[in-house]
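Trainee: Start from the sequences, fold in the hints, and give me the full structure.
Heads up: the sequence lines are chains R and E, in that order.
For the first sequence, the UniProt record's numbering begins at 1 and goes up steadily by one.
For the second sequence, the UniProt record's numbering begins at 1 and goes up steadily by one.
Think of the hints as simulated: they come from the structure by calculation, not from any bench.
Be aware that one or more of the hints could be misleading.
For chains that are exact copies, the list does not tell them apart, and a pair is met inside one copy or across any two.
BS3-like cross-link-like pairs, simulated, lysine-lysine; straight-line CA separation at most 25 Å [said to hold, decoys possible]: (1) K194 - K917; (2) K917 - K588; (3) K194 - K915; (4) K192 - K926.
The residues making up each chain are set out below.
Number of protein chains: 2
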Amino acid sequence: MTEEAEVGVDPSPTSEPEQQAPHFLQDVIFHGKFKLLKALTPEENTHCQHGLYFEDGERRVDYVLTYPLKKPSGGRSTRQSSHLLIENAVARSLRRGPHSRDEHHRKHQAQKAKDSLSPPSPPGADVELGCPGETLGGQEDHKMFTREKFEAKLRDMGLELEKDEDTKIQGVGFVKIHAPWNVLCREAELMKLKMPTKKMFEIKESSGVMEKINTLVSKVLEPLHPHVEERRHRHIKHLSHTFSREKQHLFDLSDKDYFFDSKTRSSIVFEILKRTKCKAKYNMGITSLLGSGVYTAAYPLHDGDINEESAEPNDRKLLYEEWANYSVFYKYQPIGLVRKYFGEKIGLYFAWLGLYTQMLIPASLVGVIVFLYGCATVDDNIPSMEICHPKNNITMCPLCDRVCSYWKLSTACGTARASHLFDNPATVFFSIFMALWAAMFMEHWKRRQMRLNYEWDLTGFEDEESPSQDHPRAEYEFRVMQKSLSKDQKLQHKTEKLSCRDRLPAYMTNIVMMLLMIGVTFAIVFGVILYRISTKAALHMSSNPITRNHVQLTVKTTAAIINLVVILILDEVYGAVARWLTVLEVPKTDKSFEERLIFKTFILKFVNAFSPIIYIAFFRGRLVGRPGSYLYVFESYRMEECAHGGCLMELCIQLSITMLGKQLIQNNLFEIGVPKLKKLIRYIQSKQVAFQEEERQKKLQRYETDHFLEPFAGLTPEYMEMIIQFGFVTLFVASFPLAPLFALLNNIIEIRLDAKKFVTELRRPVAARAKDIGIWYNILRGVAKVAVIINAFVISFTSDFIPRMVYQYMYSPDGSMHGFVNHTLSYFNVSHFQEGKETLDPLHLGYPVEICRYKDYREPPWSATPYEISKEFWAVLAVRLAFVIVFQNVVMLMSDIVDWLIPDIPKDISLQIHKEKILLIDLFMKEEQVKLQFRENRLSTAAKENCSKSNNNNNSTTAHPRSRLHTDSTKSL
Amino acid sequence: MTEEAEVGVDPSPTSEPEQQAPHFLQDVIFHGKFKLLKALTPEENTHCQHGLYFEDGERRVDYVLTYPLKKPSGGRSTRQSSHLLIENAVARSLRRGPHSRDEHHRKHQAQKAKDSLSPPSPPGADVELGCPGETLGGQEDHKMFTREKFEAKLRDMGLELEKDEDTKIQGVGFVKIHAPWNVLCREAELMKLKMPTKKMFEIKESSGVMEKINTLVSKVLEPLHPHVEERRHRHIKHLSHTFSREKQHLFDLSDKDYFFDSKTRSSIVFEILKRTKCKAKYNMGITSLLGSGVYTAAYPLHDGDINEESAEPNDRKLLYEEWANYSVFYKYQPIGLVRKYFGEKIGLYFAWLGLYTQMLIPASLVGVIVFLYGCATVDDNIPSMEICHPKNNITMCPLCDRVCSYWKLSTACGTARASHLFDNPATVFFSIFMALWAAMFMEHWKRRQMRLNYEWDLTGFEDEESPSQDHPRAEYEFRVMQKSLSKDQKLQHKTEKLSCRDRLPAYMTNIVMMLLMIGVTFAIVFGVILYRISTKAALHMSSNPITRNHVQLTVKTTAAIINLVVILILDEVYGAVARWLTVLEVPKTDKSFEERLIFKTFILKFVNAFSPIIYIAFFRGRLVGRPGSYLYVFESYRMEECAHGGCLMELCIQLSITMLGKQLIQNNLFEIGVPKLKKLIRYIQSKQVAFQEEERQKKLQRYETDHFLEPFAGLTPEYMEMIIQFGFVTLFVASFPLAPLFALLNNIIEIRLDAKKFVTELRRPVAARAKDIGIWYNILRGVAKVAVIINAFVISFTSDFIPRMVYQYMYSPDGSMHGFVNHTLSYFNVSHFQEGKETLDPLHLGYPVEICRYKDYREPPWSATPYEISKEFWAVLAVRLAFVIVFQNVVMLMSDIVDWLIPDIPKDISLQIHKEKILLIDLFMKEEQVKLQFRENRLSTAAKENCSKSNNNNNSTTAHPRSRLHTDSTKSL
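Mentor: This is the structure we're talking about:
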């Protein structure tokens, strides 16, 4: 049967080159373009179900390695662009030789693989093969030998390989790997995989009233659930147990092909690949081989196509329809299916993203209510009424030297009213609410995680369990080899690791670069400040009255936009810099690489996103000085003040522009717009090669199609984006209550966007087991903690909340806010202006001004200590600081209480875990009983048999089952 | 052989009653006393090695259950005191009847137990036996039947039992339990015990220079290590693997008696006991049976005697000599041995206590240095110099109404100088140091814990693994039964748990009682305040000048002692109340019981210990008012002020008295003194019964001796004591830098004291596996967190640090501290005193006073707003608050950084874990290879045999090993 399949499939690839030989140059041109296009538009895949199996049509391809095919030009071959075409053409014609050899090799392989169900040839034969490497001249040859050596090792490990060098992608050879049943079992045992046993049990819902409510709720929510099979079986659960060959009878092995699903199979193969080392001077695992170009890529296959045409249903298609689809944006995610297809780590990311989005709903609701409260009470706000009242005749000191003149406070009416929208008592409530919200979110996530752990049978699994996580990275091994090579010449001592001294240069570079980057950010913030100050001064000088009127708005908006652009550019730069710096460090393991990268990226991106905002919140308007002795930058520019009504308004503008801009541009433009654009380009181009192209696409094997997809680059960027957003939602929420709403809207899109990317644009990632989201949880906690402090400072220092409270309860004559505006303004005698700084137009308001007012708590000119800081200042400051202490500690305490009150493990889950344990023990105890009875039966039969044996002595056939029983029962002892 | 042993041992117990029958009344009297004495002086045990085994001398006693023997009087029999002796005498004479029956029963038992190595009788026979219970009249009979039923169940589980009702302790029957090998294996598998395999590997020390340093260090520290075997093998470790019968070949089973050590055996038996349920109306496990008095006690046996006489060495004796001994106080603890003997949970407690004590060494060193710095700089301290200077003629306002008069500031010279000892800049440094110290301690503990986890093969073990932890407590089950009984009459619905409504009364009682208790504490604190105020006033009025001079000291000291006594009494009361309240709550599991108990005890004891201290630190002297408008309690007592120099001095006195007193009295008096006293009493009494007594003691079986020991009551009190001490060491360390030193001295004794208690005075606890110290770690973290905030407040509000800083940098004319004292004192015009409050002796100082001074920042009488709070007050307050914010956040940040910088898993341990994993995989892969080869060999032999079989057909004997091979190899597939 396998023979037939091979014959049936073989002719087509071998006949093709023959057929297309005449116009092979055109073919090459087409291929170059085709690859480019494929990389751009990977969603549209073709029918190639047969590529999922070996050529015998029976053995699944669990993993694919690709390598560059040998040709004179050498080097990278997977991503050749069109200028390499002549070389390629030569390569193709030359390849005839090796090709036929490979053909032979491949057949030999297939034969060998088929044999492997019976015992393979004794390992000794292959083990002797060294990695001659160095002795051969050509680098390509060396690579080939290394490959052969490695593949021999893989076969020793029990894997079955099939080569395909005759593909439609030039210069790329494929090694398809299949893990046979016994290898899967062995590895599942080593990896301590928990698998469902035959034993099932019912998950009881809570009884009585709760049950009814639950049923009702789930009925109401029914349309929100995706149409995925798993929902139906949620009341029945298979008891799980760590897989072990000795306990095979526990598991339902009726269908061995599907007992381990495709994700598990590929991760098992990946585990073996990582473990297998090929000794050539130094140990080379798959990572080193990929790093040194012996192989170009390694990936598992997608389950199938997502095209509507293909009839057979598969998980990928289901995910595409029920998950990676904007039209189902309002539905829950089919997390179980995501996990089944992509593994636990990616499943957890989407579960986390889903929970975060869900949690944003109440937050944005409350945020909107707070904002509306601000809108509703704007007319009852006494301070802004006082400012706006025309009778209120307060003359303010000039806002800049010389060119500006005195101004009436009532002209600041607009900003004062607008300030109230974001600066009212409700914001204090809202920031407390958001701090608790963050704590609730953390707790909910812990619970959700626990629930998922239980549902995904990860309880009892430890992250460190799989030793492959600790495998050194290729780059690290390479460095160690280099070091030991250079040392070998001097002394015999073998180095096994990089010492601190080896790493010192990298560390130094890291520190210097990090400081430099942070310095750049600060410099840019300062640059924007200078821009604002100088533009304002310049615009004030302009003679055009309209320009002068719109000065504030123009300057603010342009500055915010400049900031945004800079942030967006630096974001990309910093991402690259952080990666470069981490590569420089040569961390030992993948885990350490990831952690260091995350740490650096996080610091840089956070500083980048938040430094302008922090400047506005806490420094702007504080280093102004006072009339008569202003502070100057570069001796000529006065530091900028905030508009009347506090800096909160400006903070709010800056925040909303940064947040909205970042999300709109990064998400919609970069992630949606660019692919759309590429599609358009492709459409125009495709008219030229239309028919032929489609023909070929259809014939592409699964592993070829997947080869065109982008490799999976880790979840770090996805998480990082969300963490920065979480920062926007929590850190300055006191000044911008609409942040959660914007985040919510963004995330609804984000989920589907990411889902689309994973399902259609990326190669299938190797499923990784994970119990939690790792370092990200700690970062979230850290952000939530910092948020409490920052919000405390925003409320007490940036907003006018505390001065208002102090006035109302300490200074107000009638306990109302009347007179507050007057109380916050100090007096200045205009004759005390420094020379050359007084206004050029003292009669601008139409009357001579003797005393002008400015916003500060200082002694009036007629006091004993004129312009000294007044007692009110200290009183307000003390109250502000006291508020910070109280707010911080109360909110932190409340968060801790929330943390403590909500149990980490949901009640029902802990009950079920307990129940499962008891069931498991029952199961084993019953087994013991059966064994015992077995033994007794045996003893009695043995006794009987002894009698019969003495009678007839020829019973070699019956001896077999009996002795088997014996081994069983001795084991049970 | 077993027959012989039985015969050899049997005669002595059976002959004894016969022999002593004539003077059995005297015997009873003696017994009563003897028991009393035994309970008091359990250290001196006797030679009774033979009690460790069943009567056959071969099977170890792994666990012992005791039960009351049936007699007319009924009830508790284990703790009869001498007034019960007549009843006992009657009981004894009556017991002849049942006794002989029991004798018969016991023999039957022994026979049965011997049989159990061969398969036990089919389970069906025993299972039919119900628990008739209710039908029988006598409660004792019911209990006996329940016992029989339970023991039958235990035998079903494979345990072997032996009864001994004819002991030297009247009224107590013993059930000795032995777990045979197959049961041990089965349970070890279920409990997923990790056991050492045959495979060993060497732990490599770090190379090069580090190695030399390590060797040197360990040589220097050699005398500090206890003389325990384990130290020798620390370079070699056995690879561990979860025990499994299928993998038996991995383990070294050459000595099956010692493969599982005594601690493991007893915990396995305990696991079975917990799991085994006897159905009588409701499920009764061992806890319920103990609770309902069916059994009176359940405990495993100690390993042997600690007496010098007994020759054979055992772990207990070794522990007694090398650990529970004051003479080795300077040595490390043999933690490995402690764990081997008592299990991981107790091992972790002592490891934690040891680390804590070790960490206290640097803390107390720095504390002493800080204190010495204070002593050394006391003469350079300008403020105290200014106060002491005789030329400084500041007249202070009277300290109390009417009877007190004006006084010179220079009379406060002594307290001002003393204050400097504890109130100097070094204390600020010290409290930062201690905050970081606490963070370091936490981190070190995490690492130590990880190291121990690795050494004890607990990596991979999860606390929830053992399902027995979730078993409901007996009291809970009883309550559920009661509820379902009362409900059964109404409706058929079966209740399985207690609802909120059932628990509401208990919860309400809890809340009310907790509030009441806290209220009592506060009331007592307030009472002491009143005592201080009124005594002071009374003493001031006394005409004796000496009394008046010593007023301050007398009042302070007596008040502190009253506080201490109250704290000590309430400590005991609160412990009892917390337990009572928790019992009232009927928590479901032991774990939940423990957690609730700890929570309540912690709150009550903390409030009790720290509320007087918090009052002194933060409230005293702040609610005083000002001259002319003092604050009065009960209209006549002025609130107390602090002595000049701040309240820090008083805080320090209170702290040291509380801490020292608590430790000295609770430890030395309660824990050392009382046992000593008991020993003395015993010595006097023992003269009367000397010889006979000793004779009998020698004959006591191991389980009888252990029966006299106190049952193990959990580690909660031990931990609690240490946590309160940790509170003293960290919470107010800013005011009392010697606290770590006192704690250190106390703990050195404490370790050995606790060790003595565990080794000699308590029954052996059942070994419990634990990876960490559980809730205590969180409590420690919480205390450390609160400590940061409290220290920030102590420094900024209680000490004069901030006012001094503010003066120096804001107000001082020359930047020095000169003039500080004057600056802190406000002016008061004596004519502004309220009527009837002015002093009776205005000329006390010899001159008329017009303006007196008082310590506060207020406006002088001649200002526009006399006696108003001044600008300086607000400035100082603002700086104080700012200091709190900065201190809190900086220290918390630094702690977090310490937390983050120090990896939780020590480098070498993580490397070794990794290495072990790789070794394990290698081991398994090699096994696979061997199996494969085996299979091949088989195939070839099978082929050969097939040929030979056709030749001769009679080979039933060779068939056996072949088919066994076959089963092996099929399993490997």
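Trainee: Checking each numbered hint in turn, tell me which of them this model violates, lowest number first.
Mentor: none
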